[in-house]
Amino acid sequence: YQRSLKRKRMGKVRDWSAELTSSDIVAERLLKDGVTPKLVTAHVGLPERVNSLHRKLRRENLVGPKGGGRIGSHSSSIEKTPRHSLLFMAIYLLLARGPETRINALAFSRTLSEYRLICFHLNIPEEDMLDASECWLLTSGYRSQEVEVAECPSCKEIMIRDRRKPRGCHWC
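Position one of the sequence shown corresponds to residue 20 (the working numbering), numbered consecutively onward.
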């Protein structure tokens, strides 16, 4: 895949340096990726600034409308699209440094673009793909140790599961 696109090989990605990068840059990148303002605010804080950035990006047609209502959960993404959830998390775990301790926003952004690129090359329609907020909830669930990527004891395939709701393997 990497060779066919003639791209450089990717390694572990460090997150943005808190000393060198402002919260605005992180928030803007996440909003442009499609993460809902509620989740961006939870990550960077500063709700007024995030809302102001979101309005500015909406005026420039760089983001869609605010997602209203309740924030979903990672378990619904795992139940609804287990293979997409596994694909996204596999890429994130390959790229992120220290995903068990914190959400690496830069690795998340790069993972999301790689996930979308892979889905595009596999001709997967956009409506079947995970959206940015669902992906963010998966990474958040992994950090809080509610989401696990593990080997199935019966078929030995790698699977993703919610530790709070253990279900059978999606491959078996």
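Worth flagging that the hints you see were computed from the coordinates, not collected in a lab.
Honestly, I wouldn't trust all of these hints.
[To be verified] Result set (PhoX-like, lysine-lysine): computed pairs, CA atoms no more than 25 Å apart in a straight line:
{"hint": "1", "residue 1": "Lys99", "residue 2": "Lys57"}
{"hint": "2", "residue 1": "Lys75", "residue 2": "Lys57"}
{"hint": "3", "residue 1": "Lys175", "residue 2": "Lys57"}
{"hint": "4", "residue 1": "Lys75", "residue 2": "Lys175"}
{"hint": "5", "residue 1": "Lys75", "residue 2": "Lys51"}
[To be verified] Each pair of labels, with its calculated beta carbon distance range:
{"hint": "6", "residue 1": "Pro185", "residue 2": "Ser41", "range": "24 to 34 Å"}
{"hint": "7", "residue 1": "Pro172", "residue 2": "Asn70", "range": "38 to 48 Å"}
{"hint": "8", "residue 1": "Ala169", "residue 2": "Arg78", "range": "42 to 52 Å"}
{"hint": "9", "residue 1": "Leu136", "residue 2": "Glu167", "range": "44 to 54 Å"}
{"hint": "10", "residue 1": "Ala61", "residue 2": "Asp147", "range": "20 to 30 Å"}
{"hint": "11", "residue 1": "Thr120", "residue 2": "Glu176", "range": "21 to 31 Å"}
{"hint": "12", "residue 1": "Phe139", "residue 2": "Ser173", "range": "27 to 37 Å"}
{"hint": "13", "residue 1": "Ala109", "residue 2": "Ser163", "range": "14 to 24 Å"}
What you are looking at is a predicted structure, and each value in this text was computed from that prediction instead of being measured.
Cβ atoms here follow ideal geometry from the backbone N, Cα and C, with glycine treated the same way.
Hints, one by one, checked against the model:
1. Distance hint between Lys99 and Lys57 is fulfilled; the C-alpha atoms sit about 22 Å from each other, no more than 25 Å.
2. About 16 Å separates the Cα atoms of Lys75 and Lys57, which keeps this hinted pair within 25 Å; it holds.
3. Note on Lys175 and Lys57: the hinted pairing is violated, with a Cα-Cα distance of about 38 Å set against a maximum of 25 Å.
4. Under the criterion of a C-alpha separation no larger than 25 Å, the hint pairing Lys75 with Lys175 is inconsistent with the structure, at around 48 Å.
5. For a cut-off of 25 Å, the pair hint linking Lys75 to Lys51 stands: about 11 Å separates their Cα positions.
6. Against the hinted window of 24 to 34 Å, the Cβ-Cβ separation of Pro185 and Ser41 comes to about 41 Å, which falls outside the hint.
7. Between Pro172 and Asn70 the beta carbon distance is about 46 Å. The supplied range of 38 to 48 Å therefore holds.
8. Distance hint check: the CB atoms of Ala169 and Arg78 are about 45 Å apart, consistent with the given range 42 to 52 Å.
9. Taken as a hint, the range 44 to 54 Å is violated for the pair Leu136 and Glu167, whose Cβ atoms sit roughly 26 Å apart.
10. In this structure the hint that Ala61 and Asp147 lie 20 to 30 Å apart at CB holds, the actual value being about 27 Å.
11. A beta carbon spacing of about 27 Å between Thr120 and Glu176 agrees with the range 21 to 31 Å that was offered as a hint.
12. Take Phe139 and Ser173: their Cβ atoms lie about 33 Å apart, and the range 27 to 37 Å holds.
13. In this structure the supplied range 14 to 24 Å holds for Ala109 paired with Ser163, their Cβ-Cβ distance being about 19 Å.
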